[in-house]
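S.K.: Kindly generate the complete structure, drawing on both the sequences and the hints.
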Amino acid sequence: MKTWEQFIGQRIVPRGGPAKVSGSYPYPSDIQLDGMLQARILKSSLPHARIKNIDVRKVEEMDGVACVLTHKDVPSGFIGPARDRRILDSVVRFVGDYVAAVAAVDEDIASDALNLINVDYEPLAHVFDPIDAMKPGAPMIYPPDNVLRGDPPDSTFTLNRGNVAKGFQEAFKVYSRNYHFHASHGMALEPRCSVATWADGRLTLYDTNQSPYHVKDALSKVLQLPAENVRVVCQATGGGYGSKARVQPYHFIASLLAMRTGKPVKLWFTREDETLAGHISPEVKIDLKIGVTRDGSLTAIHERSICNVGGWNQLGDKYARLQARTAATLYRKCPNVRSEAYAVYTNTPSAGPYRGYAERISGFALECLLDEIAVDLGFDPMDLRRKSWVTKGDDLAPLFPEEKVFSVGLEECVSKCVSYASTGVAGPPQDDVLPSVIRGTGMALGIKMLGPRLSPSSAGIELLKDGEFIVRIGTPDIGTEQQTSQAQIAADALGAHLDDVKVCYADTDDNVPDFGIFSDRSTAAIGRCVIEAALSLVAEAKGVAAEIMGEQIEDLEVSLGRIYSKTHPEKNISYAQMASELDRRGRKLSARFSTNSSFEGVHGFASALVQLKVDALTGDVKIERCVVAQDVGKAINPMLIEGQIDGCVAQAIGSAIYEKLVFEPGKVQAFHETGRVLNPGYLDYQVPTILEMPEIVPIIIETFEPLGPFGAKGAGQASMGAIFPAVINALSDAVGTRFYEIPVTRGMVLDALRRSGKGILR
Amino acid sequence: MKGFTYLEAASAKEAVDILEELKGQAKILAGGIDLLYLMKKGVGPKYLVDIKGIKEMSSIMVDGDVLRIGALATLSDIASSSDVRRELSMLSDAASRVASPQIRNVATVGGNLLQNVWCWYLRNGYPCWRNEGRGCPAASGENSTYFSIFGGRFCVAAQPSDLAPVLVACDASAMIVGPKGTRAQHLQSLLSGSAAEDGKGPPPTFASNELLYEIEVPRLKKGTRTAFCKASVRESWDFALASVSVAACFEGGVVTDARIVLGGVSTYPYRAVEAEEAIIGKQLGKETIKSASRLGVVKAKPLQMNSYKVMLTEGLIYKALTSIADDQATGRS
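Top to bottom, those sequences are chains A and B.
Positions 3 to 764 (this note's numbering) are the ones given, in order, by the first sequence.
Positions 125 to 457 (this note's numbering) are the ones given, in order, by the second sequence.
Straight-line distance between alpha carbons at most 25 angstroms, and here's what the computed DSS-like set of lysine-lysine pairs gives: (1) A/K320 / A/K291; (2) A/K590 / A/K467; (3) B/K165 / A/K45; (4) B/K423 / B/K406; (5) A/K291 / A/K175; (6) A/K60 / B/K164; (7) B/K165 / A/K60; (8) A/K467 / A/K544; (9) B/K410 / A/K615; (10) A/K760 / B/K410; (11) A/K335 / A/K175; (12) B/K170 / A/K60.
Cβ-to-Cβ under 10 angstroms is the rule here; a few derived chain B residues that face chain A: (13) W242; (14) Y250; (15) P261; (16) S268; (17) A355; (18) D362; (19) R418; (20) N430; (21) E438; (22) G439.
These are computed hints drawn from the structure, not numbers from a lab.
Even glycine gets a Cβ: it sits at the ideal position worked out from N, Cα and C.
M.R.: As structure tokens, this is what we get:
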């Protein structure tokens, strides 16, 4: 239908863009309210300890302090389904864990007050390494077991297809490698911030998160407030990448401080708070074994991964489940796959989702080892993969044998990327001064599974009396600009002008429940609801138009804000005319649609080609070009997708060669702060800057996903999973040795150069 | 941030008088980059003496045989000064590689030379020698980044200034104003005091009632070539993992005098004397450069996690000397 392609696929300027670049976008930290208190959190300096006593008398006597909360002052229930985390607990489980909170008239008093809280700790034995934590006799973080169990509790996160032992027997050659992926951090630019108000028995939380309805439900349940008396507003979130996906203790603390004092409370994280008590990307250790035939077919993949979820479980079990699925899905043609994933508690900061999630980490090991195999056996790395990768129509055995994969753009992604391989990147002339520059090229694939199974989404649409439409959706803007892409979807589905479609988002009083914005789900999940709501509104509008125009409903069509007679287009009525007519009659047009969407068969795919250079004298790595092709089903807004690809490039480069949380290893007993993150700030936790950005070539591949709106699927994460092993493969290509520990630091590059004989001096 | 009293000094003498009167309770506020960072972490003096109003301390000028750089000159001033570019291009290069443009616009040369070390234990408040405690957690802890490969008696954090090794390579002196007038001290001895003695605070040769007034750099002898190479994690923002500053004087294609100073790898600007000796009296051929590069790190005793910096430093010396040899061969100035 032509009318459905007016705004879909267009490069519409993001609606939040001007406000974001001019600094007027309303983040919670910008909120100033009369009489607002400032709240700060006291963090644990020990990795594992029982709080024997906590004395806050000195703080309560301080001028300007309004309220102090310790574990004795808050509801003791669990905050989430994992049944481990409480708002505040009598046991601290990592350096940086919450101990207490203070609200005061200003920030300085609140900060000073923290120093006057006297905590008497009984230190407990601690464990940092997830493998150590799995051993008998290890210190227990949450007895009786450090290994997370699934649901039902006796299940583990194991996937089996075929028989791997048999597969390895049939192999011409079997490769077995161990990979170590260090803990990192998404380092969202905006540290967490909540402003809570309490008035007339109603709690309002202005917050920065990825799932306002989930936060609302949790607040209502744990604080025992009627659901209608809790409102969460979360318009702008300054980056989340998964780290702000679920409810966290600070949400309750800000709320309780407001409820106890009756005053508005602003609670914000410092950068250090954000790094320690925010939500890190997990350390993962992977044993990977792949068998391959003489002609390059994969006979078996066996992956055993151990994910360090730290001091409490924020979706760590989901992580393990996805980790187990990655290889089986991406290499569907491999008949024998066994994947065991363990999520393990330790005394390190709580870990959870970060862009690309488990698929990124599992995929990194897979894509690096397949590259190594291809080079070893003399195959083109993509030909080797092509023999085994998933294609259209494959099922998802063994987990969901009834589900089919309908759209797979791997072939198109790869062929587009490969076409750039022969066009080398010209180096700047100063490279010629020394013969020390060596170059490398690498490729890899990425996959991202869409959204959790049966997760709710909704949308509401209303025709206002001036002829404008209001679309209400439940997700915040974490930078992906759903307010722009959903407006495009709504405008085309309504046959309206884009300018006449306003989008309200992420205010739970709008009552359009949504599971949250993560796992690449929002465009697809919400988009479908927007279309359904729009279609029922259009049907109703046609009924009204038929009445006014004296036509039959089936003879009407909508286009660009007007309802026409198909046979006599000169007979028509605009939405604006209809709206005022309806207003005169005291009627309104509105529609809602809610569903529990499942996208088990829907996957984002990507491939990346990375070209880089290494200075063989200094180990300096400069990524010169990233060619990234992503299968997005249908590009609702290519500009927004390119922005997502750019973001993936930055974060993937960071993951590959810069970003690593450094923990004090505990060798210095005299210093007590064992297990502390030594680099919680931007100077020591080195994220790439604009100067580290390569030339980026974003390529959008459209495959049309039948389950998505207008054929669209997610577009924010699959690239991340492809770029980051492609960087490692390119690096291996340049220096001539493989890397099994990530990120690859300068020391590792120099060491590799020496071992491979490619170093100039040693 | 703790409360403090803010004072302004209109002249160097007034600043010194205030310092004298407050007896160690005051700190000088110039660019404030490192000072404000530490104050926000809760480490702060009772008094701040703002010297930004002392105009003559910002000047950069050629004065007879010396280049004078006021302690208040910003790193951007140095990077953009045509005098510095003409007289001492490696100082321009080094200044333009410090931190980020925003920081360079504010940070002063005095602050750059006298800043505290960038040790993540110190910056996270661990009670070490430099922070009212004892011992050095980095010596046996996480020491892969900004730490020495040439030992350290109490503290193993590297001297963090990018300008210091460049200025030492030019034999620069610090002009220091105190209650008894102005004195000159070689920058090398001034900065070598740091950490080599008790590792605490400013170098012992620099009293709490003294003010770094300006840096005096002898103009390079005719035939001198210089080079500055820095390796950092990223191109911007970061301290040196290692840097090399070379000033070598040529006569008839032969090196007659040389200073090779390493930054980021020692608790003070480290003169690689063995490397200097290896090139003096020789033409800078490939083999000479190679052996000098090796000799430059011959005394390295890396810590447990930073042995890669030995190879890195060797590579940087090689790069710097090769660039000088190349300039010499092509007659480029």
